[in-house]
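*Asks:* Listed here are the chains, written in short residue letters.
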Amino acid sequence: MNSKLSDRRGFLKRGAALAGLAVGSIPFVNGKALASVTPGLIKGEVDTKLGVTPDEPTIQDLLYGGRSSYEKTVAIDSIGRLGALGLRNLTPLQDSIGVITPASFHYLVSRDLKLPNIDPREHTLMIHGMVDRPLTFTMEEIKRLPSVSRVYFLECTGNSGLAHYKSLLGDMKRGRKDVTVIQGVHGRTSTSEWTGVPLSLLLKGVGVQKGASWLIAEGSDIGRHAKSIPLTKAMDDVIVAYGQNGEAIRREQGYPLRLLVPGFQGVCNVKFVRSIKLVDKPYYLRPEISAYTNLHPDGMATWYESQVGPKSLITFPSDAHKLPGRGFYEISGIAWCGRGKISRVEVSTDNGWTWKDANLQQPIFSKAWTRFRLPWNWDGTETVIMSRCTNEYGDIQPTMLELAKLWGDDRTPPIPASEIEQWWETSSISEFLNNPIQPWRVKPDGSIQDALYNTLLPNPYFPG
Amino acid sequence: MGASKTHCTTRYCRIRISLAKANFLLPVMALLACGTAMAQLPIYNVGRTPTEAELRTWDNVVGPDGKELPPGSGTAKEGATLYAAKCVACHGKDGEGVFPYRALVGGRGTLNTPAANLTVGSYTPYATTIWDFINRAMPQYAERTLSPDDVYALTAWILAKNGIIKETDVMDKNTLVQVQMPNRHGFYPDPPQAAPDKNRSWLPYWNQAKPAAKSAAK
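Taken in sequence, the protein lines are chains A and B.
Note that the first sequence covers residues 869 to 1332 in our numbering.
Note that the second sequence covers residues 33 to 250 in our numbering.
No lab work stands behind these hints, which were simulated from the structure alone.
Owing to the predicted nature of the structure, the values given are computational and were not obtained by experimental measurement.
Ideal Cβ placement from N, Cα and C applies to all residues, glycine included.
Some hints could be false.
Ranges between beta-carbon positions, derived for each pair [said to hold, decoys possible]:
no.	chain 1	residue 1	chain 2	residue 2	range
1	A	Lys-1078	B	Met-70	35 to 45 Å
2	B	Pro-146	A	Ser-1017	44 to 54 Å
3	A	Lys-1149	B	Glu-128	29 to 39 Å
Heads up, incomplete: computed chain B residues facing chain A, CB under 7 Å, no partners named [what the hints assert, rightly or not]:
no.	residue
4	Met-70
5	Cys-122
6	Phe-219
Take these sequences, add in the hints, and give me the full structure.
*Replies:* Have a look at this one:
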């Protein structure tokens, strides 16, 4: 099996055929795809009664509560073949409100659907390696320690990557109708309030020895996911977390204990964490070699690039919506960054010619989604809307073409529509940590289309 | 010691002790679990010193120096039998990969071509990575059912198939770490940076200082 160009390309090719095997067999009812948990396995129609309070609830029904039966939003199961490779649920960003993602909508990446169901009385965390006092903690003990609650985003490294878009295209061609770019391509990010013990507190307590510079975190999941994390990061803001949005972390998110490595790619945030070992070098584990590295055209690869760049998205209106007519709308979206706070979000409603500062929801949390809003009067004509953000260090979100330049691609727009597939195939843009500006094209009939992946707009698109 | 007594009433400890009884090691085990050298987290007085046995089982992620590797050994020949029984279904008869699973063999000389084929042979810079992943995560659906000898043998088979070691080379704790992987110097920055995030921009390393491209001969 020859993978083309790089790992990600191989991943794409393998995936595309897999999608053919699997998703093609999903039946449709009233134009709505029936969900499959693993492509090829039909699980049944998406049960929108999931989590709903019955019309005439008993007191029992209300002990954990539910939502109105009129609410249908769900985290869709993975588009295309990405599901088979462990990328599973996608957050419904198009319906996101404020900055907190309900745990039930949180995106999920997991090689195995056989999630462990760990009895917290049996779970322990061992801290060992280059420490004065190796120690094992029970969950009860961890919960007795001083805790913090912080709002942080998580994002899968491959989010917004070309693989996601290709997968979505494949699904659309096969007639699946419940997929959109906003959810299917960008939906592997979520924000929660996480509660737990600062890892620095535990590390100070066990006495980190001189010379230790990395730690190796390992989880209790079936694939025993493990990851090297720089000690400087661990001492800065990493949390050993057991709480998510006011309740225990869900199984999907690593119950009863996980690492939260703020601002770093999702793969660092080891779930079901059971072991933290202090060492003097990274361990070159599989998820930091065979995946999550970037091979460049000259055969050299970069690795351990963990920090998510400045990124923003208009979530309303987006390609999941249709505007009923001209008039007032509030443009709303999210902006986040792996390095500090978002300090500015600008929105353009005229194809990138002019930009206005959006209002930022307060308080602004570091390394968390920041909600932005801008009042807008749509005159009913075709236009392109988009957002771009800046963080407190002055890093600005790039366009896809600027990203391409960063990756050594000097071809300039406009790229004729007929050559777009070819451009994508041959561009050297990384599949990982993509943070391009996402333009949405508003059509006169109020429908909205992606104007990034399916087209590389000629100027005027972000002039200059 | 109050705290340690509490711990020995946990189910885990009871299991340990009954196991120890079966092995007539009770006195030693009990001593390790409940007796000597117990430490706790200063100030908060929680946590306990893991037993030697616990440390051994938990300390199983293998780094490039191979310090965590257990005793044992294996050759490609032994690995071939195991591979045929436990791995072919997904990784193919000669390690070529069965769709959609990855190839484990091949790809050398392709990394700087448009047909780059990334396998543990052509891409992975340390042999310990292969040993570690097989040991903790393979074969899928029967993870952690292989003995250390099995894992040494399977790693030897993969390395030999890739032409990195000889069929007859014995892989063990000492020889595995000495294996020179062809792509050992294919990554940068090397060693990886561990700078705190505040000091680093999000821009890819690609955009920062870059070493000379490697030769096509690889």
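*Asks:* Hint by hint, say whether it matches the structure.
*Replies:* Status of each hint after checking the structure:
About 24 Å separates the C-beta atoms of Lys-1078 of chain A and Met-70 of chain B, a value inconsistent with the hinted range of 35 to 45 Å. The hinted window of 44 to 54 Å between Pro-146 of chain B and Ser-1017 of chain A holds, with their beta carbons roughly 49 Å apart. For the hinted restraint 29 to 39 Å between Lys-1149 of chain A and Glu-128 of chain B, the CB-CB distance of approximately 33 Å keeps it satisfied. Checking Met-70 of chain B against chain A by beta carbon gives a least distance of about 10 Å; that is not within 7 Å, so the hint is violated.
Proximity of Cys-122 of chain B to chain A is violated relative to the hint, the smallest CB-CB distance being about 12 Å (cut-off 7 Å). Here the hint on Phe-219 of chain B is kept, as its CB sits about 5 Å from the closest CB of chain A, short of 7 Å.
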